Amino acid sequence: MARYEIRLSGAGGQGLILAGIILAEAVVKFTDKEVIQTQSYGPEARGGASKAEVIISDEEIDYPQVNKPDFLLALTQEAYNKYNRDLKEYGIMVVDERVDIAMRGGPTYVVPIQKLTQEKLGTRMVVNVVSLALFNKLHEVVESEKLKEVVLARVPKGTEELNEKALALGEELASNLNQYKIKTKEEEEEE
Amino acid sequence: MELEKYFRIEKLPHIWCPGCGHGSVMMSIVKGIDKAGWDPTKVVVVSGIGCSSRAPGYMNFNTLHTVHGRPIAFATGIKLANPELKVIVITGDGDGAAIGGNHLIHACRRNIGINVVLFNNQIYGMTSGQYSPMTPQGSMATTSPYGNIEPPFDLCELTRSAGANFVARGTVYHLPKLDNYMEKAFAREGFSYVEAISQCPTYYGRRNKLRSPLEMLEWQKKNAVDIKKAQDMDPEELKGKIVTGIFAEKDEEEYTSKYDQLISSVQGGKK
Amino acid sequence: MQGNEACVEGALDAGVTFYAGYPITPSSEIAEDFAAKLPRVGGKFIQMEDEIASMAAVVGASLAGEKAVTATSGPGFSLKQEIIGFAGMIEAPCVVMNVQRAGPSTGLPTSPAQGDVMQARWGTHGDHPALVLCPSSVADAYLLSFQAVNWAERFRTPVILLLDETIGHLRERVILPRKDEMVIANRKQPQGSPESFQPYDILDEDLIPPLPPYGSGFRFHTTGLYHDETGFPSNRPEVTHRLLERLHQKIDKYKETLFLYETYGLRQANQLIISYGASARSAKAAWRIAREKGLLVGLLILKTIWPFPEEIVTQVGHDKNNIVVAEMNRGQLIGEVERVMDKRIPVRGAQRADGVLITPEQILAKLEGVN
Amino acid sequence: MPKKGNVYINENWCKGCEICATFCPKKILGLRGDGKMEVMDPENCIACNQCVLRCPDYAIKVEVIDNNE
Chain B
29 MARYEIRLSG AGGQGLILAG IILAEAVVKF TDKEVIQTQS YGPEARGGAS KAEVIISDEE
89 IDYPQVNKPD FLLALTQEAY NKYNRDLKEY GIMVVDERVD IAMRGGPTYV VPIQKLTQEK
149 LGTRMVVNVV SLALFNKLHE VVESEKLKEV VLARVPKGTE ELNEKALALG EELASNLNQY
209 KIKTKEEEEE E
Chain E
19 MELEKYFRIE KLPHIWCPGC GHGSVMMSIV KGIDKAGWDP TKVVVVSGIG CSSRAPGYMN
79 FNTLHTVHGR PIAFATGIKL ANPELKVIVI TGDGDGAAIG GNHLIHACRR NIGINVVLFN
139 NQIYGMTSGQ YSPMTPQGSM ATTSPYGNIE PPFDLCELTR SAGANFVARG TVYHLPKLDN
199 YMEKAFAREG FSYVEAISQC PTYYGRRNKL RSPLEMLEWQ KKNAVDIKKA QDMDPEELKG
259 KIVTGIFAEK DEEEYTSKYD QLISSVQGGK K
Chain D
75 MQGNEACVEG ALDAGVTFYA GYPITPSSEI AEDFAAKLPR VGGKFIQMED EIASMAAVVG
135 ASLAGEKAVT ATSGPGFSLK QEIIGFAGMI EAPCVVMNVQ RAGPSTGLPT SPAQGDVMQA
195 RWGTHGDHPA LVLCPSSVAD AYLLSFQAVN WAERFRTPVI LLLDETIGHL RERVILPRKD
255 EMVIANRKQP QGSPESFQPY DILDEDLIPP LPPYGSGFRF HTTGLYHDET GFPSNRPEVT
315 HRLLERLHQK IDKYKETLFL YETYGLRQAN QLIISYGASA RSAKAAWRIA REKGLLVGLL
375 ILKTIWPFPE EIVTQVGHDK NNIVVAEMNR GQLIGEVERV MDKRIPVRGA QRADGVLITP
435 EQILAKLEGV N
Chain L
50 MPKKGNVYIN ENWCKGCEIC ATFCPKKILG LRGDGKMEVM DPENCIACNQ CVLRCPDYAI
110 KVEVIDNNE
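Residue numbers (the working numbering), protein chains in the order written: chain B, 29 to 219; chain E, 19 to 289; chain D, 75 to 445; chain L, 50 to 118.
Because the hints were derived from the structure by calculation, they are not lab data. Incorrect hints may appear among the rest.
[Unchecked claim] Straight-line C-alpha distance at most 20 Å; calculated DMTMM-like pairs for lysine to aspartate or glutamate:
1) E:Lys29 <-> D:Asp393
2) L:Lys110 <-> E:Glu28
3) D:Lys417 <-> D:Asp393
[As the list claims (entries may be wrong)] Some, not all, of what chain E presents toward chain L, calculated at C-beta under 10 Å:
4) Pro31
5) Gly39
6) Tyr164
7) Pro231
Because the structure is a prediction, the values reported are computed rather than measured. Glycine residues also receive a C-beta, built at the ideal position from the N, C-alpha and C atoms.
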């Protein structure tokens, strides 16, 4: 993998920074690839738009900032509005179903991540882990079991079972991702 | 008590003016250390900046003359680093009540084992006579040429409510009592605050119609009111008086001992 | 591992046992990490009532014999300056980590900058020396933190570890050196008896006096006033001159061993990029892109910025026809490069001070023959 | 028998503030022309040590005279 830039965004407090940290840890621990994780946040601890960025590369990573993401996750409208602009033209975008998006050229998936997390797991607290598993499954960064190991080492005691379920849900969403795909500009025009 | 045991004799006479009360307060501290029986190599005396803060230079212990207003913060680092050390802070009404007031409050709140002795001469002496937060209202100073309109700070009330284990105020005139407060302060674990009303004949006295050190000592004698007596006096009567005596005497657990327990429990928990 | 966390690890491995600090973004992770880890090794952590008190407590703990550290960011760094100078004057070993954010004033608390370069040099009053290290990776943060503690102890001086928000919050793969490869330095102890001890008597060629801890039996006086070898104040011109000169010489003497830096592609290079801290990451990317374009560009990354590595910059830069200094401020270290080059070689600044990491493109634009 | 004493004044340390003279119950101390204190009436010292206690400059010593001599 040449330099691959990932941006996970949503509201502050959704735990996406932790998801970014876990992803970077998994890469360090279980692959030979180079990885960098950065974050940017506003003064609010909760709410507001928040993003975690991860760069994965086979080569040394010098410039540590995400320039043009290859992958964008946006869980909220505010995060989408703020962080979708510099996404690569054919980069992958995954947004929550409640986010209104503009039509674009790259593969775009509108997934009811928050709704399904709430319905199936009874809480939205683990939406970050669901998203993380979704990303990992889609890109096969590390094996599921390895990701689980890193996640379980990071989450609060007593939430292991919940997080395992979250991982499973994320993977399930990734496997069925095509059903959430929306048409690209070009596909629309072809029809 | 042999002077040589506790003083750097070769540094004397000290720099304070004729009739300044600071020499008496410094002696009172040293007598207290002698009574406490502390090993001089385990005693650290820390000061800030000002007339009072020159005292450690004459005292034969581990002595540290720091920057203005922060001696209690330096002392906190010393005491926490090595709780076996006996740490005394010598400060003044400018150093301790103005620029360093916040450190005083927080050291009381932590109840860390530091003995603060505040030399209160009610004026900035080293910078030649500006009013301090403890200058009596109406007093003349170079920066209050029309009389000081600010009320003075009562640091005994402040340190007591902030959590100090021991608080007392004495005067140079009532020297034996002051010696007794030092002794009690040094015998107690936790934070102690002893305020000594001292006289500055040069910058306070001359401007305030107290023409000699003797008149200033007379003023202390006349205006000092014992805390027990003060309890029965109304605020009007107490105006301009100095309430002396012991304000607080308790045995709340000291900070560094609590920290040591924290270390044990953290290390124990790991095993 | 995160940059801030690496600073803590490096300091702990160098033997740090004391931390005093006050919370401030973007350095707070350093305090949090020390608070968790120090008690486990029997060390002490205290959150003081303000930035000044933290610096004072660190110096106090240092005199009591501990290896002591504090961390802060711009506004706190401003507040600590008086006591950094005091530590320099009394020669108390200590380390100040400043995770720079954009200023002036409250500025941009969560954004990177390198605006404190000159403050790290001249922030405290008077004519003092400075020892300042600048990491540009998480691995650097570990190594330079370790080095900062070592140098503080060895030279009896405050050492400043100047990070920036980008490096402080960066997580990347770090391969730590083996513990047995790391040599720990400890402050010198007196050889003679307590009776004959003079705290600032220079007996050794290294110009550094020994420092026994409080409570060890050596009683002495310490003051921020100019003092003679006995530690007591003196205003005699020969004494004050001797002390100030020695404070400088004890570092200058070892200057060449203090210059830490990395160079890339210097052979045949006719242009040079000089950078440090997070900017050096962008500089490295710019250098790589320029090389790919066939330009003969070299790169010098400075890890020690004060004392300014004049000899290194001269040696590397003297035969170039264009030097670009990349930094996240309106031009601070560039002044030193210009001074060293003395108008013989054009020096251009690639600068950015809006809270955003400088980009490789900005640096490339200052090179000749890019388009 | 009342105690007696010899008062010694360290002239290098004495600043002539007269505090000792004020507290001396027998009024045997006085200020000399050169600004130092002197013992004017040594015979009357009762070795009460008030001057020693009160001197802010630690400049006074009192030696108790053994009455049996």
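Here is what the structure says about each hint:
no. : hint                  : result
1   : E:Lys29 <-> D:Asp393  : violated (60 Å)
2   : L:Lys110 <-> E:Glu28  : holds (17 Å)
3   : D:Lys417 <-> D:Asp393 : holds (13 Å)
4   : Pro31                 : holds (4 Å)
5   : Gly39                 : holds (6 Å)
6   : Tyr164                : violated (30 Å)
7   : Pro231                : holds (5 Å)
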